[in-house]
Amino acid sequence: MQSKVHVQTTINGEPREFLCEPRQSLLECLRDTLGLTGTKEGCNDGNCGACTVTMDGRVVTSCLVLGVEAAGAEVTTVEGIARGSALHPLQRAFLENAALQCGICTPGFLVAANALLEAEPDPDEQRIRLWLANNLCRCTGYDKIIRAVQQAAREMRGANA
Amino acid sequence: MKWFDYAAPGSLSEALGLLERNPGALLLAGGTDLLVQMRARRKQADLLIDVKKAPELNELSLDAGGLTLGASVPCYRVYGNRDVARAFPALAEVAGLIGGTQIQGRASIGGNLCNAAPSADAVPLLIALSARCRIAGPGGEREMAVEDFCVAPGRNALGAGEILVSLRIPAGGAGFGAHYLRFIPRNEMDIAVVGSGVSVRLEGGVVSAARVALAAVAPTPLFAREAGDSLVGKAPDAAAIEEAARLASAAARPISDMRGPAEYRRHLCGVLTRRALTAAVAAAQGGK
Ligand SMILES: Cc1cc2nc3c(=O)[nH]c(=O)nc-3n(C[C@H](O)[C@H](O)[C@H](O)COP(=O)(O)OP(=O)(O)OC[C@H]3O[C@@H](n4cnc5c(N)ncnc54)[C@H](O)[C@@H]3O)c2cc1C
Ligand code: FES
Ligand code: FES
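Residue numbers (the numbering used here), protein chains in the order written: chain R, 11 to 171; chain G, 177 to 464.
So here's chain G without its partners, still in its complex pose:
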């Protein structure tokens, strides 16, 4: 790695100031993507701004309306927080799926999102959970739906000088269920061949809302809106779920690479979406 300087600002405003004054700076959270990429010379910086010490990015708090998840909160804090794990079991599960114990000691959900890998495991679930991004920059603050955040492989929608502060995830509550499933050759520590994150809301035995998003089948995590919408107004039975899974598979635009051929990925989209929806429906019915 080339020489860089290091700063660990104690607040968001200090971090924003540093970033504005140093156009060649990059932000460091857990470093599990960034340091690997810098070592491989895929990224360079003259300053790393360690944002982990800013309280705004470290917030993990539940209220009646939902969860505020600071951008640099490491995964172990997400699944280690009993209230969060109870209110958002699918989120806790995905936090326990990224890398292994050591990676989870450092890696953040915000970093997973900002890195904008098509295969990022947390992103489809965040989309399914209707998460919104709180972004701060030189011009003030703005919000964005998480499905609009990743724009190309490794590229996100942040402009110069902007920082992802936190994610806001609305409360699920009764009748709501979510689930993420990925396919990898090992049980852990591998990159998804395909992932599917889903959520359903049931009212009076009928689906009132559903969302499906996919990993590793497009240049960015893919929001398969039609797949979720197809369930609305139906009873969540096998036929309805099968149709949604078919639409997810049709929405996929996979490539062939060393992890799997495109056709295989398309097939997996359907299988994983069907299984994830079945699990989410069971959770929404209070079965889990």
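Isolated chain R, as found in the complex:
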């Protein structure tokens, strides 16, 4: 009766398959089975956002998604954000604005902010803060993160103009 499930999915644009127990979270599958350790575990109950990935275009906390639910879905993790060996504008802006200290929250912020900027190229500060309310940071005090997202948004708009 207790058999693992074979899951076929797409991660960062590439077809992937893995075996998992139905009780395993997508977060566990990404980190422990697929070795995609960019996605972090903070709270494991949906509050901190460190485990944020996108699934079919929506940001979700992967600790509250079952690995089996990824079957047939498109998942993007922080590893899918860099453009080859070049940093994504968000990643560069986080570095330039010192928007991280310990860094455990950073992958979640990057994935969430990227989803926002893809949908809304010019969000105001209020919008950015609200969108990122599901991401907690215990180090930076948030202001630098917001500034980094604003800088990346400006650069990305410039590049697309």
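Because the hints were derived from the structure by calculation, they are not lab data.
Be careful, since some hints might not be right.
[Claimed, not checked] Derived DSS-like pairs: lysine-lysine, alpha-carbon spacing no greater than 30 Å straight-line: (1) R:K14 with G:K410; (2) G:K178 with G:K229; (3) R:K14 with G:K219; (4) G:K178 with G:K219; (5) R:K14 with G:K229.
[Said to hold, decoys possible] Derived Cβ-Cβ restraints for the label pairs, each shown as a range: (6) R:C53 with G:D259: 51 to 59 Å; (7) G:A321 with R:C112: 17 to 25 Å; (8) R:N170 with G:P199: 35 to 43 Å.
Every residue gets a Cβ at the ideal spot worked out from N, C-alpha and C, and that includes glycine.
On the provided structure of chain R, position chain G with the ligands as indicated by the hints.
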């Protein structure tokens, strides 16, 4: 979490069959309550039936009579649907209030209701909107007013083998306004200390119907019928609203816990109900 199996039936009838054959099964929608509770060992299942793939539970459709909201439609689809957000602005707002962006990518209004937390944000508004539950089970289908659905903290009125299929919310139309307000220490991502969901219908400048329901002041979301009824036949002025707010506060049966003492909660009931009614009246008058 203990081992469980997983099934994602593609239809309501398949889901009902699985549930009937597996008494130890639980239903999974967005999992934002269920997976947290299973991990904390507050719930256990040998099978999770993922109901999100059944089209009946995914319906989101407007017609002249109102809105059909499938039980597992995630919050982002509610506020992301322009027609729904225009016809039911208060519902769209509450969908944008549950958790944060990531939670709203998964959490459903139906799951919020089925979880039956006294503090569930969507439930007072659903009561104010006179929503009805469509329930399917081994014996066929039945309907229930949403105010009868939650029976105790974490317990709902569903019997063995039953599934909440959808909610039916009657059209508001001209002269109708609704609003939900909650008090939380942060601006988002917190559990309501108190919530108040209200609706009013105005005809010829007079209230013809009004409903008030409260979160986090009783073992279940609380329908404060007298508070809404007190407005009927009156002009929706400050004095009438103040009286309704007083009745809401009197109906509350709050407890003291880490989120706030009972007296504070009772006071908040009045404040939030007054403000929510004022906003709902403005919406009914077409001011918003
Ligand atoms: C970080 C975080 C923040 C949150 N913030 C809020 C908040 O601000 N306000 C708030 O009210 N809640 C909040 N919640 C709680 C939760 O997100 C909501 O209650 C949500 O609406 C639950 O929906 P779901 O689809 O995830 O339900 P699930 O967790 O999938 O299910 C909830 C319960 O309903 C049952 N169920 C699901 N579908 C059906 C069905 N069709 N028929 C019968 N039973 C069913 C399940 O078995 C389970 O017991 C938060 C949760 C987290 C983790
Ligand atoms: S680890 Fe998933 S939200 Fe914190
Ligand atoms: S940098 Fe440490 S938690 Fe954000």
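Let me make sure I understand: some of the numbered hints might not hold for this structure. Which ones are they, in numerical order? Hints 1, 6, 7 and 8 are the ones this structure does not satisfy, whereas the remaining hints hold.
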